[in-house]
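Student: The lines below spell out each chain.
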Amino acid sequence: MDPALFERKSEIEWHIRPFGKMLVPGVIFADEKLLREMDAKVYEQVTNVAMLPGIVGASYAMPDAHWGYGFPIGGVAAFDADAGGVVSAGGVGFDISCGVRTLHTGMNIADIDAVRERLADALYRTIPAGMGSTGAIRLDGTQMDAMLRGGARWAVERGYGTAADLERIEEGGCMYGADPSRVSDQAKKRQRDEMGTLGSGNHYLEIQQVNEVYAQEIASTFGVSEGDIVVSIHCGSRGLGHQIGTEFLKKMVMEAAGYGITMPDRELACAPIASPLGQDYLGAMRAGINCALANRQMLTHLTRQVFSQILPQAQLPLLYDVSHNTCKVEEHMVDGRSRKLYVHRKGATRAFGPGHPDLPLALRKSGQPVLIGGSMGTASYILSGTEQGMGLAFGSACHGAGRAMSRHQALRNWGGRKVVDDLAGHGILIRSPSMRGVAEEAPGAYKDVGAVVDAADHAGLARKVARVVPIICIKG
Amino acid sequence: MNTTSRWEHFPHQADIGVRGMGATLEQAFEQAALALTAVITDPAEVVAMERLQLTCMAPNAELLLVDWLNSLIFEMATRNMLFSRFEVHIDGNDLTAQVWGEALEVERHHPAVEIKGATYTSLKVAKQPDGIWLAQCVVDV
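Heads up: the protein sequence lines correspond to chains A and B, in order.
Each residue of the first sequence is one higher than the one before, starting from 1 at the first, in the numbering used here.
Each residue of the second sequence is one higher than the one before, starting from 1 at the first, in the numbering used here.
No wet-lab data here; the hints were simulated from the structure.
Any given hint might turn out to be false.
Derived lysine-lysine pairs resembling DSBU-like cross-links, with alpha carbons at most 30 Å apart [unchecked claim]: (1) A:Lys365 x A:Lys21; (2) A:Lys21 x A:Lys340; (3) A:Lys251 x A:Lys189; (4) A:Lys41 x A:Lys9; (5) A:Lys251 x A:Lys340; (6) A:Lys340 x A:Lys365; (7) B:Lys127 x A:Lys9; (8) A:Lys41 x A:Lys251; (9) B:Lys124 x A:Lys251; (10) B:Lys127 x A:Lys251; (11) B:Lys124 x A:Lys365; (12) A:Lys250 x A:Lys189; (13) A:Lys9 x A:Lys33; (14) B:Lys127 x A:Lys418; (15) A:Lys21 x A:Lys251; (16) A:Lys9 x A:Lys21; (17) A:Lys250 x B:Lys127; (18) A:Lys418 x B:Lys124.
Which chain B residues stay away from chain A? Per the calculated CB distances, all over 10 Å, these [what the hints assert, rightly or not]: (19) Phe10; (20) Ala23; (21) Arg85; (22) Gly92; (23) Asn93; (24) Glu114; (25) Gln128; (26) Asp140.
The beta carbon of each residue, even a glycine, is placed where N, CA and C say it ideally should be.
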């Protein structure tokens, strides 16, 4: 994008003054290089979101923003129900509550070196990944509804993990206000065999090594030091979330006019928060959040089982679990007063600062761990929420690298086998059922996650704490 | 099928676009369905051995395309199947179709990715000036 389109507020903050039907400004956080490389659609989508009824503050885009569905991926927007605010299925996305969790292991590279291949093979055998893979359990109707109400708490009650895990998950592992009766039979049917599965695309399970620490004090609060081996899991609400997204997007497209909402783009489909459709969506979407939390909890359990067989001395407590496709009700200070807002984060991570009451006591002083997934074979980052970030974009930060090129182009540039061999040469073991899938996810197809994270850090959205690099990657 | 019937993918930064073309609206929808399968695997590898009947309804042709593709995505996900042959009939806002395919075999089909849903991005259903029908949208993977 051309920087001349923006009013530059700082090295890292670019504003679009309201024009036309925009109710608030647009704000993009990025350094000049990232901004120049951003798709022009981001500008269009940020300005479109700024036109939606009841939007508060500004329409924000994170440093990893790219062309999304109505909302940009990397978009943050908050709405006030009392001011006619809306909730948008496109503003949450198809993969409701897609997110990342990171587990400690208590191991270092020397501990796992001798069993690296065995560990990779055992994880690949145990973690259902890719299209057509099924989980170990099939939920009947009653169990499905209990899972949709209980989230990770439901999973822990069934033996998938411990109560200690729950306080390291947003919402204590259980999203309040989930209403399984608002989730269609089709969505539940799509989920029946998919509990405890990883999915495909950019989803992964990685064994990683902490290779650099930037903020020592916060890192030690997080329990992270250089050389540590950690496990990160990136996945979401599987078929259930996708089906909820599909169905409500259609309903919102068809009913928006009836609510008097005119949209500059059909994909901005939304409904007033106070409307029956808005409430139905919130009930279903929150059930989708619980599905994602339960799913990541079950994958955690499977991972622990593998470690107990191969490295019985390892302990895998949860560092934290973040979701980056959500709409959540939060209190934020706006112009000196506290307001209850419906904060949409589409490809953006919540990044609550120090002292926030929603953080567990052990993390309240440091701020929320913000887990940023890289592309396959590249680094991932652990950041922490900041006080400053609470005032910048409602306590939000980036979520990942973001694609630099289409899958189409990636397939033309790389072959899957070559990608696997090249990464093996760098000590990274890839296990995947599809070489074409690996080629589409080649590291070179993504932006430099380091630049994205640096921009988030410089902007004050979140503070860089540590960098981790992959050793084993299970891809769907 | 005639020579005007074909499908292709078109690029989208994060995901992928499916495009079908044909002498009729129905043929364009059939070709778009083939493009959908091709996101996952080579359609030539999918044997048309089992038949299903699908119906969709939407207020206009563009929403009908999204519904049609989403019906296929739902059937693929819940039946664990892939499809390679399609016969579509469209009457106003109603679509009925027979589709043929087979159970997904990971070792043979090597599915590249599973599809989350069809979207309204780059959604277009129209008769081109050259008389050929086009049906396209981006799918989220």
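Student: It remains to establish, for every hint, whether it holds in the given structure.
Tutor: Now for the hints, and whether the structure bears them out:
no.	hint	in the structure
1	A:Lys365 x A:Lys21	41 Å, violated
2	A:Lys21 x A:Lys340	24 Å, holds
3	A:Lys251 x A:Lys189	20 Å, holds
4	A:Lys41 x A:Lys9	21 Å, holds
5	A:Lys251 x A:Lys340	26 Å, holds
6	A:Lys340 x A:Lys365	24 Å, holds
7	B:Lys127 x A:Lys9	47 Å, violated
8	A:Lys41 x A:Lys251	24 Å, holds
9	B:Lys124 x A:Lys251	19 Å, holds
10	B:Lys127 x A:Lys251	26 Å, holds
11	B:Lys124 x A:Lys365	51 Å, violated
12	A:Lys250 x A:Lys189	19 Å, holds
13	A:Lys9 x A:Lys33	16 Å, holds
14	B:Lys127 x A:Lys418	42 Å, violated
15	A:Lys21 x A:Lys251	24 Å, holds
16	A:Lys9 x A:Lys21	22 Å, holds
17	A:Lys250 x B:Lys127	24 Å, holds
18	A:Lys418 x B:Lys124	37 Å, violated
19	Phe10	8 Å, violated
20	Ala23	26 Å, holds
21	Arg85	20 Å, holds
22	Gly92	17 Å, holds
23	Asn93	12 Å, holds
24	Glu114	4 Å, violated
25	Gln128	21 Å, holds
26	Asp140	5 Å, violated
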